[in-house]
Amino acid sequence: MIPAAFDYVEAESVDAAIAALTEHGDEAKLMAGGHSLIPLMKFRLATPGVIVDIGRMEGLNSIDDRGDHIAIGALTRHMSVETSELLGAEAPLLKHVASQVGDPSVRHRGTIGGSLAHGDPASDLPAAILALGATLVAKGPGGEREIAATDFFTGFLETALADDEMLTEIRVPKMAGAGWSYQKFNRRAQDWAIVGVAAVSNGSTSLSLVNMGPTPMRASAAEAAINGGGSIDDAAAAAADGASPPDDLNGDAAYRTHLASVLVRRALTEAQG
Amino acid sequence: MTAVVGTPRLRKEDPKLLTGEGKYVDDIQVAGQLWMGMVRSPYAHARINSIDTSAAEAADGVAGVYTGPQLAEMGLWIAPLPCAWPVTDDMVNPEHYPTAMDEVHHVGEIVAVVLADSRYGAADAAELVDVDYEPLDAVASIAAARDGSATAHSAHETNKAYHWPLIPDPDALEAAFANATHTVTGEFVQQRLIPAAMEPRGVLAVPSPMGGDVTLYSSTQVPHILKVMIAATTGISEAKLRIVAPAVGGGFGAKLNVNPDEILAVTLANKLGRAVRWTETRSEAAFSTHQGRGQLQKIELAADADGKITGCRVHVDADMGAYMMLITPGVPLLGSFLYTGVYDVPAFGFTCDGYFTNLTPTDAYRGAGRPEASYAIERAMDLLALEVGVGPDEIRRRNYLGGGDHFTDMETASTLVFDSGHYSPNLDAALEMSDYAGLRAEQQRRRDAGDAKQLGIGLCTYVEICGLAPSRALAGLNYGAGGWEHAMVRFLPTGKVEVVSGSTPHGQGHETSWSMIVADKLGIDPDDVTVLHSDTAISPLGLDTYGSRSLSVGGVAISMACDKVIDKAKQIAAHQMEANPDDLDFAGGTFSVKGQPGAELPIQAIAFGAFTAHDLPDGMEPNLQEQVTFDPPNFAFPFGTHVAVTEVDTETGEVELIDYIAIDDCGNQINPLIVEGQVHGGIVQGVAQALYEGASYDDAGNCRNPSLMDYLVPSAMEMPNIKTGFTTTPSTSNPLGVKGVGEAGTIGSAAAVVNAICDALSPYGVTDLEMPATPQRVWNAINGGAS
Chain B
1 MIPAAFDYVE AESVDAAIAA LTEHGDEAKL MAGGHSLIPL MKFRLATPGV IVDIGRMEGL
61 NSIDDRGDHI AIGALTRHMS VETSELLGAE APLLKHVASQ VGDPSVRHRG TIGGSLAHGD
121 PASDLPAAIL ALGATLVAKG PGGEREIAAT DFFTGFLETA LADDEMLTEI RVPKMAGAGW
181 SYQKFNRRAQ DWAIVGVAAV SNGSTSLSLV NMGPTPMRAS AAEAAINGGG SIDDAAAAAA
241 DGASPPDDLN GDAAYRTHLA SVLVRRALTE AQG
Chain X
274 MTAVVGTPRL RKEDPKLLTG EGKYVDDIQV AGQLWMGMVR SPYAHARINS IDTSAAEAAD
334 GVAGVYTGPQ LAEMGLWIAP LPCAWPVTDD MVNPEHYPTA MDEVHHVGEI VAVVLADSRY
394 GAADAAELVD VDYEPLDAVA SIAAARDGSA TAHSAHETNK AYHWPLIPDP DALEAAFANA
454 THTVTGEFVQ QRLIPAAMEP RGVLAVPSPM GGDVTLYSST QVPHILKVMI AATTGISEAK
514 LRIVAPAVGG GFGAKLNVNP DEILAVTLAN KLGRAVRWTE TRSEAAFSTH QGRGQLQKIE
574 LAADADGKIT GCRVHVDADM GAYMMLITPG VPLLGSFLYT GVYDVPAFGF TCDGYFTNLT
634 PTDAYRGAGR PEASYAIERA MDLLALEVGV GPDEIRRRNY LGGGDHFTDM ETASTLVFDS
694 GHYSPNLDAA LEMSDYAGLR AEQQRRRDAG DAKQLGIGLC TYVEICGLAP SRALAGLNYG
754 AGGWEHAMVR FLPTGKVEVV SGSTPHGQGH ETSWSMIVAD KLGIDPDDVT VLHSDTAISP
814 LGLDTYGSRS LSVGGVAISM ACDKVIDKAK QIAAHQMEAN PDDLDFAGGT FSVKGQPGAE
874 LPIQAIAFGA FTAHDLPDGM EPNLQEQVTF DPPNFAFPFG THVAVTEVDT ETGEVELIDY
934 IAIDDCGNQI NPLIVEGQVH GGIVQGVAQA LYEGASYDDA GNCRNPSLMD YLVPSAMEMP
994 NIKTGFTTTP STSNPLGVKG VGEAGTIGSA AAVVNAICDA LSPYGVTDLE MPATPQRVWN
1054 AINGGAS
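Heads up: the sequence lines are chains B and X, in that order.
For what it's worth, the working numbering labels the leading residue of the first sequence as 1, then goes sequentially.
For what it's worth, the working numbering labels the leading residue of the second sequence as 274, then goes sequentially.
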């Protein structure tokens, strides 16, 4: 619970942060709210040589209506997402999912960009942006680029971000009255999901899974079943196809597979209801 | 003055604690202090081939690095860490030193200590110590210990520590089972629990600038016991030791010990002449502080055709962990007397085998032996109800001691004499408050409808032993200390009162409760009473706080000291009023002469007179202070009925506790608000065992959930609104008629919750579930797999 020594740089702009990342390479780690990184450092599971603190940077913390989508600055705190009237009207799934992250102190410090860039398969927000088909904006020395949410999560705690890139914005398509559901199965209010399912249904249905493999993932087989004219039960039966759920103290893979099925059924019932 | 005893009163401790002004060990800073960094074993069982400390010694800010053999050579101790409860004459007790000598016996055992000028420096340097281990086969469970293919200590040929029997009448027990119409058997696992007090343990040892004396600030429940034990372990005279327990953020038994860090801090500070400190990290606490429970239980009941119990036979295999700590071997024995519960059991037998494992040592944890016992008998009562074909309320009623009527001083089959009990009205109150009949109807409705969420109703009618303890009873159990408690009450010249309490709080609210007792006794305002405690320089005599003993031993001592103060004041009043002491009345803080209106003297005036000593009876000492050391004649036996209502999601196995009703009887109450708080906290701790908590180990003896991320301590969010009620059956063991309530909630709640889950799932053929009843376990049970 006592982190190893590290150097500390406070970046006052995105360009300054990118410059620091460029200078220090894979020794450096960006820290926004710190609620994923600091616990890992305290366990000495992460020992970055340089912390580039972007937590107090100006900007990147607004939620804006951009016509067909809502743009959310990467440093927007979960609490701002959870309480946004704009998101309540245009992307209520995301607003709700933000309210399910950790506990109030986590939600007042943690940021949407930090949570997504950490890429934890057990986190809530990745499932939401996968189901919503969001686009992520990253900036590096060469400028900005857009990354589709489905391309963003590449491995366990790994993302499509390069070492010298910073996530700056999340663009969420307006839900236009779509049905939605987020089913989070956990033991205590503040815990990660043992399994979670996000669903968005508006003509076609998208489904994503929490903690069912090394990365946040879409439930592609279940989506194919329901979008191909199958029943909710057909989709539920296919919930974990292609997933590789972990075995841990909260449940073994077989139990998680079962839970995914139950939760897909509940999510589709709610989203299509 | 209006009486305050028996009325709810906010705690005078709380403003300071709630505004962050409480000073805990970690808040106390001393110039020149050194931090200890512990080098801990990553292996559960290994030989230490060599330790290279050179890199750590060369690190910035490091003042010294010490291995076990080096510390021994420095002569820092004269005896191993103490076990005060050698339960049998032939109990195996492996030598246990603050640091390992040549072999480690659990993950986290200290193999070397770094002293550095900062906490971070100590942690970094500890990582630089290079230890060459030769791993040995580990004993990572009771089953492995019994199997014996590996031994936890290479120096010992067996893992068995002791065998302890309590079979008052073996022939009667055998006959009871031979002649029984019904028998049931329950086999239960009492999983290991990590105590997880909100404040981790910490120590700060400060040597006197003049040398020779050491003050130890420790997050401990037992400063007085610690002083004696440190003296006996280190050879430092008690007269040179001062132990202070500042604000202590919860203990639950886990701060009732003599720990390696405490010995290391005191002896290194004494040796080096510099303050030495350490605060455990939350993850470290899973290894550096003892754990609770750790038992395998088998209970058998014999009954006649009506379900009337005729015999009860129990065997427990208890996990000592790697070493005998202060009362490790005695914990199961504390429970042994309670396996017959509140029931009239003619024949009883209990045996316990203690085993060593290569896991963190076990010791007292809220209830210490009694929650385990209560769980076994209360689960078995539900099994008997199913066997006989009556409801869980009815099977209990048929077996209550005294037929459920009021009794006093009743001898039980386990040889204890229960002070008082009155069980039927207590059960009735719980059934009424819970709308038991309505719950059963709703349960049936859901069963008929095939509802995915099934309802379960669980009862537990517990009894517990409080007021540790009559010293002679402890002698009979081979316990190495007495059970008395000391109190002093003194009037100050201005009429305020100081109380010196030997009983030492760590969150219980002693200052408030003791003030209320004194206020009513002496006829003064409770705010005029100051309670001094937790510092052996201020309160030299005491036996501290554990086993729900504070009120029924220490609180009674304070009340008795007040009586002596009043007696002395009466002598002074009679002298000054020129009256016969027998003609004086004392009420509302004022002495008056019978039949002489207006002849009055307030006790504060007498206190000032005792201070000036101008006009005291001949030969009387000029003060108004008295002390009492009280040793109770018997334990006290609180009881109660808890009703847990659970909703089980049969699709996922998730259990939600949707209602909880507790009717407790702790005898007379001093502060009902504190009583209710204790009941709430206790219940949550028992629910935690039933549903959430359990230290899990792999076969190599590694804890798989040492952090609070994986070890699921529940919060308020997981709890229903607990409904409490009380019946009052005064104790006959003390003049206040009080019993104790600190552990009762924990003792009643685990069985109530598991009984409720099994009740919900009885249509699925489920009769038992291992704790914690995780969703996966429940789902497996529903689907016919192993629970």
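For the record, the hints were derived by calculation from the structure and aren't laboratory data.
The model shown is predicted, which means the values in this text are computed figures rather than measured ones.
Where a beta carbon is used, it is the ideal one built from N, C-alpha and C, also for glycine.
One or more hints might be untrue.
What the hints assert, rightly or not - Taking lysine-lysine and the DSSO-like style, the derived pairs with C-alpha atoms no more than 30 Å apart in a straight line are:
{"hint": "1", "chain 1": "X", "residue 1": "K433", "chain 2": "X", "residue 2": "K544"}
{"hint": "2", "chain 1": "X", "residue 1": "K285", "chain 2": "X", "residue 2": "K837"}
{"hint": "3", "chain 1": "X", "residue 1": "K544", "chain 2": "X", "residue 2": "K296"}
{"hint": "4", "chain 1": "X", "residue 1": "K433", "chain 2": "X", "residue 2": "K296"}
{"hint": "5", "chain 1": "B", "residue 1": "K42", "chain 2": "X", "residue 2": "K296"}
{"hint": "6", "chain 1": "B", "residue 1": "K95", "chain 2": "X", "residue 2": "K296"}
What the hints assert, rightly or not - If you want a taste of the chain B side facing chain X, the calculated C-beta under 7 Å gives, among others:
{"hint": "7", "residue": "F6"}
{"hint": "8", "residue": "L40"}
{"hint": "9", "residue": "V50"}
{"hint": "10", "residue": "R187"}
{"hint": "11", "residue": "R188"}
{"hint": "12", "residue": "A189"}
{"hint": "13", "residue": "L249"}
{"hint": "14", "residue": "G251"}
{"hint": "15", "residue": "V262"}
Checking each numbered hint in turn, tell me which of them this model violates, lowest number first.
1, 4, 6, 7, 8, 9
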